[in-house]
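**Student:** So the chains spell out like this:
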Amino acid sequence: MSGWAQAADTAGAVLLLLGAAVSLLGAIGMLRLPDVLSRGHAATNPQSLGMLLVLAGVALRLRSGIDLGTLGLIGFFQLLTGPVAAHLVARVAYRTGHVGREGLLFDELDEQLSRGPDGTDTAARGDAGP
Amino acid sequence: MSGAEVVDRVLLTTAGVMILVAGALVLIRVARGPSMLDRAMALDVCAALMIAGIGVRSAFTRDAYYFPVMLVVAFLGFTGSVGIARFIAVRDRAPDLPDPDGPPRAGAGPGEAGR
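Protein sequences appear in the order of chains F and S. This note's numbering puts the first residue of the first sequence at 316, with every later residue one more than the last. This note's numbering puts the first residue of the second sequence at -10, with every later residue one more than the last.
Derived by calculation from the structure, the hints in this document are not laboratory data. From the three backbone atoms N, C-alpha and C, an ideal C-beta is built for every residue, glycine too. Certain hints may be false.
To be verified - In silico contact screen, one side only, chain F against chain S (beta carbon under 7 Å); selected entries: (1) Ala328; (2) Leu346; (3) Gln393; (4) Val407; (5) Ala408; (6) His413.
Unchecked claim - Some chain F residues close to chain S (C-beta under 8 Å, calculated; not the full set): (7) Gln362; (8) Gly365; (9) Val369; (10) Asp382.
Let the sequences and hints guide you as you build the complete structure.
**Tutor:** In structure tokens:
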């Protein structure tokens, strides 16, 4: 095996290890953070950065054209579908009151939601928190 | 087996063990909850970890046999959490929220928005 191929193999293994470490950090964050939105923040780690690092590592170790295409497609779909699910979960979390209010400095969405469609303030029905 | 290959195998095994540990931690979150939204998000992360684990295995054995499985998981893994968020998590609504018969908000509630 030539030197360049061996270097690509080792670089791929290092990238895989980095991706696994990022995934592990995200999982620890999911276990330790207090509420749904901050857990979603931690959940983004394995879904985007960890995933892309692992895919790059696999690509560096396999190095054939059609495999690279499949890996690119996997990364594309993961980046396409992850935000959809995260957005829906965060939206429902806000609207059902699963938001840790003590960590929020501003809540502009609450103002906008509790302002009626005609501009009148109907603040009594804002999300007061769980 | 040369020395660099031994290093590669050690790195890949460590990566696999890390991903297994991460999956175990995420399953603890699935079991604990407390709300269905946490479980939905944890299941999303579980799908991502499945892709990563299959990737580490493919890198170890240098075959592309399981790539279609990774593709399908990346493509369909989000449907479960979308379903939970849309149809199940609406049930455990906090009790001090307005009743649905009140005047409409600027955006509709989780049950009727975005169809």
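**Student:** Each of the hints needs a verdict: does it hold here or not?
**Tutor:** Quick rundown of the hints versus the structure:
no.	hint	verdict
1	Ala328	holds, 4 Å
2	Leu346	holds, 5 Å
3	Gln393	holds, 4 Å
4	Val407	holds, 5 Å
5	Ala408	holds, 5 Å
6	His413	holds, 5 Å
7	Gln362	holds, 5 Å
8	Gly365	holds, 6 Å
9	Val369	holds, 4 Å
10	Asp382	holds, 5 Å
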